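Colleague: Each chain, written out:
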Amino acid sequence: MPVLLITDVFLWAMLLAVLVYAWRVRRNEPLRRTWALVFRRPVAAVSAVELGFFVCVALLDSVHYRPALPGAAGQALTHAAEPVSLLDQLLAPLVQARERSYSEPLAITAFRKQSVEQDGQVLRDYPRLRFGGAHLQDASMHSADLWQRTALGLGLGALASLVLIGLGLGWAAWRSQQPMAVVSRRWLRGQTVWPWRALALSLSVLLLACGWALVLSQHYHVLGTDRTGNSVLVMALKSIRTALVIGSLTTLVVLPLAMLLGVLAGYLRGWVDEAVQYLYTLLASIPDVLLIAASVLMLQVFIDKNQAFFATGLERADARLFFLCLLLGITSFTGLCRLVRGETLKLRELEYIQSARAFGVSTPRILRLHIVPNLMHLVLINTVMQFSNFVLAEAVLSYVGVGVDPKTASFGVMINTARSELAATPVVWWTLSTAFVFMLLLVLSANLLADAVRDAFDPRMRLGKVPRREAAGQEASA
Amino acid sequence: MIRFLLRKIAYGLLVLAGINLLTFVLFFQVNTPDDMARMQLGGKRVTAEAIEKWKAERGYDRPLYFNDAETGTARLTNTVFMDSSLRMFVFDFGQADSGRDIASEIQRRAWPSLALAAPTFIVGLGISITLALGLAFFRGTYLDFWGTVVCVVFMSISSLFFIVAGQFVFSRVLQLLPVSGYAGGLEAWRFLLLPIAVGILARLGAETRFNRTLFLEEINKDYVRTARAKGLGEAAVLFGHVLRNALIPILSASVAVIPLLFMGSLITESFFAIPGLGSYLIEAIGAQDFAIVRAMVFVGSVLYIIGLILTDISYSLADPRIRLQ
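Chains A and B, in that order, give the protein sequences.
Residue 1 is where the first sequence starts when you use the working numbering, and the numbers rise one by one after that.
Residue 1001 is where the second sequence starts when you use the working numbering, and the numbers rise one by one after that.
Please keep in mind that the hints were generated in silico from the structure rather than gathered at the bench.
Errors might be hidden in some of the hints.
As the list claims (entries may be wrong) - In silico SDA-like links for lysine to any residue, alpha-carbon gap of 20 angstroms or less:
| no. | chain 1 | residue 1 | chain 2 | residue 2 |
| --- | --- | --- | --- | --- |
| 1 | A | K113 | A | A134 |
| 2 | B | K1221 | B | V1257 |
| 3 | B | K1221 | B | A1206 |
| 4 | A | K305 | B | V1025 |
| 5 | B | K1008 | A | D273 |
| 6 | A | K305 | B | T1032 |
| 7 | A | K305 | B | L1041 |
| 8 | A | K305 | B | T1047 |
| 9 | A | K305 | B | Q1288 |
| 10 | A | K407 | A | V272 |
| 11 | A | K407 | A | T312 |
| 12 | A | K407 | A | R338 |
| 13 | A | K305 | B | P1033 |
| 14 | A | K305 | B | P1249 |
| 15 | A | K305 | B | A1048 |
| 16 | B | K1008 | A | A308 |
| 17 | A | K305 | B | D1312 |
| 18 | B | K1008 | A | S101 |
| 19 | A | K305 | B | F1028 |
| 20 | B | K1221 | B | I1250 |
| 21 | A | K305 | B | R1038 |
| 22 | A | K407 | B | F1210 |
| 23 | A | K305 | B | D1035 |
| 24 | A | K407 | A | N230 |
| 25 | B | K1008 | A | A13 |
| 26 | B | K1230 | B | P1249 |
| 27 | A | K113 | A | S101 |
| 28 | A | K305 | B | G1018 |
| 29 | B | K1008 | B | G1286 |
| 30 | A | K305 | B | K1053 |
| 31 | B | K1008 | B | F1210 |
| 32 | A | K407 | A | A311 |
| 33 | B | K1053 | B | T1079 |
| 34 | B | K1008 | A | A311 |
| 35 | B | K1008 | B | G1018 |
| 36 | B | K1055 | A | M298 |
| 37 | B | K1055 | A | K407 |
| 38 | A | K305 | B | F1210 |
| 39 | A | K407 | A | Y126 |
| 40 | A | K305 | B | G1286 |
Every value quoted in this text rests on a predicted model; they were computed, and no experiment measured them.
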């Protein structure tokens, strides 16, 4: 039975919006060329692959349904109370393979000694794990088994990427009607218009990592387990959705608010301008974290008072996530609003808008046809630049205790728990490292893509204003 | 000048009044005094008398906005809203739930916050300007390219990681510095060294990259070409002309931040257990003490508005073309 969470709806709506935008870009020559500039940079293409992987995981995690419970034949079909997502279903073997407590990545024994009774004597020893390496009869087989499976996983990954590359080259050869050897040589030397070599490389790395994790997670906890014995890999994968929801949904709040208020203030001037300026000075003068903290505290009180409003714990946590995006959006729209207002002030004095006004074109029409399209590059640049900031902000807010619901998997919650683990002896290092690597990959690729978008869409970066020494450097690095 | 200042201050007061209204609605409308009393006194089994007593102690037993029982202006003034708002403007924040006076607590805690934030800010600014100038000097080379890449990588690392990693390496593994805590007087440096270093590192990437863009923009201006045309070397152009001119926007923008240094940094302070305003706020959020949170919102806004006014003044001092009006 499908269940629609609020954030699911918005996430899929975002995807739809992006697709519609992509379709429009295809039909619009100047836009298409600018976007081509973005993706001709190898760095941007590689980042897009990484981000694409993250988005796929998040989307898989955004199809929620309540699974049918197994019942006797003839009985009415019943559904589980808590909704699960497709990703949960895929990871179900790992979720069920819970250990008792901490275990190191790829370990077959627990991390701490426990009292085990053996032949009437109580021994302090590292007990074997329930799931990790349970298929091994003898602990001495451990490393050999690991190597074997690593080879298998990497081999599978390599095979998959080779097949992909082969198909791609074959397609390219067929398209260009040139012999395979010529096409391959050009690809290997990186002499293609699009950065296919970098793309193939990053895709291969991704496939290798996935193949390795896939094969090894059949019998081991690839990234270890946390204090309650849950797989860290599962937590990290589930955190991706939270991070992406925060990064993208917040944009959905920021954009309409900043555009509407900024354009109106800049174009209409007068009391509207005064009111909007007052509003954003007001919001900007309250320290962000404070405003969010205050609002989240209130929100928690509200949610606690209206427990009946939400059917399940998941829905409650989801509502909190949604409101967090809303709050983050309200506190951070001021920057873009100020920018849009300034740009509109400049635009409205330009001759083509003056003449449109002289011809008697109505204000809404001028705004829609002449002002807003000329602001889009600003909005786009700002949006992609903000994305990573929101992801980072979530970690901080969750640490302060005003972020996502403690039950929601998120990088902030992971770091928060990892903090006490680092103080323990011996050190539990894998939770923090996992959160670090996943978050770094996500934010770094978002930042790099944002850079490429800014360089392509900000005309100041292109038109002859680049000093000669830098221009030379760009060629060298390209 | 005087008139400009007065107008700015009047506008600031207007903004403060708005903030006050906003926080009041947030704290008292969404969450009525009855709820607060129940939460503070604990659980649901609280008698009505206990709630009334709690409210009376804090003066919350009056109507929120409009007092029908009174006559004349007292109908508006003898309310929770006017009472608590007017007191805010003379920095009387009342008592925290623990019974301490909030205003004196804020005064006491501002100094450790400043001792942490000021060196972080000043040294960080110095380092990032130096690095950015270096990148601008080597612009277009591999050094510049990889330097910028490193900046982006640093930007992409959550500040939480820097703190956790710093504590782990320097305090646990090397045992050079205490993990957390604070001491008054000159002894404080041992506790402050690590948080300051971490704070600088966490902001270095973004700041260096930003300053580098400013320098590169400045390099393209006409006067730089003139300087080159008259035969000045690259170093003389960069340090003699570009640096001095690019410093104007950098420093003027920094002025806005200076008053906020008193607020300290939320995360760093609570990780390192430094008894400043940031950790005060985190504790208040943890304990759900709304009086403190509201007071801190007010103080933060006042400092922000002071920063705005200082920015306007510093811009006009740095650039005579901008006139205060």
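Colleague: So, for every hint listed, does it hold in this structure?
Modeller: Hints, one by one, checked against the model:
no. : hint                : verdict
1   : K113(A) / A134(A)   : 18 angstroms, holds
2   : K1221(B) / V1257(B) : 28 angstroms, violated
3   : K1221(B) / A1206(B) : 24 angstroms, violated
4   : K305(A) / V1025(B)  : 18 angstroms, holds
5   : K1008(B) / D273(A)  : 17 angstroms, holds
6   : K305(A) / T1032(B)  : 12 angstroms, holds
7   : K305(A) / L1041(B)  : 17 angstroms, holds
8   : K305(A) / T1047(B)  : 19 angstroms, holds
9   : K305(A) / Q1288(B)  : 16 angstroms, holds
10  : K407(A) / V272(A)   : 43 angstroms, violated
11  : K407(A) / T312(A)   : 12 angstroms, holds
12  : K407(A) / R338(A)   : 37 angstroms, violated
13  : K305(A) / P1033(B)  : 14 angstroms, holds
14  : K305(A) / P1249(B)  : 50 angstroms, violated
15  : K305(A) / A1048(B)  : 19 angstroms, holds
16  : K1008(B) / A308(A)  : 49 angstroms, violated
17  : K305(A) / D1312(B)  : 46 angstroms, violated
18  : K1008(B) / S101(A)  : 60 angstroms, violated
19  : K305(A) / F1028(B)  : 15 angstroms, holds
20  : K1221(B) / I1250(B) : 17 angstroms, holds
21  : K305(A) / R1038(B)  : 12 angstroms, holds
22  : K407(A) / F1210(B)  : 37 angstroms, violated
23  : K305(A) / D1035(B)  : 10 angstroms, holds
24  : K407(A) / N230(A)   : 13 angstroms, holds
25  : K1008(B) / A13(A)   : 44 angstroms, violated
26  : K1230(B) / P1249(B) : 26 angstroms, violated
27  : K113(A) / S101(A)   : 11 angstroms, holds
28  : K305(A) / G1018(B)  : 28 angstroms, violated
29  : K1008(B) / G1286(B) : 36 angstroms, violated
30  : K305(A) / K1053(B)  : 23 angstroms, violated
31  : K1008(B) / F1210(B) : 29 angstroms, violated
32  : K407(A) / A311(A)   : 16 angstroms, holds
33  : K1053(B) / T1079(B) : 17 angstroms, holds
34  : K1008(B) / A311(A)  : 51 angstroms, violated
35  : K1008(B) / G1018(B) : 15 angstroms, holds
36  : K1055(B) / M298(A)  : 19 angstroms, holds
37  : K1055(B) / K407(A)  : 34 angstroms, violated
38  : K305(A) / F1210(B)  : 46 angstroms, violated
39  : K407(A) / Y126(A)   : 30 angstroms, violated
40  : K305(A) / G1286(B)  : 19 angstroms, holds
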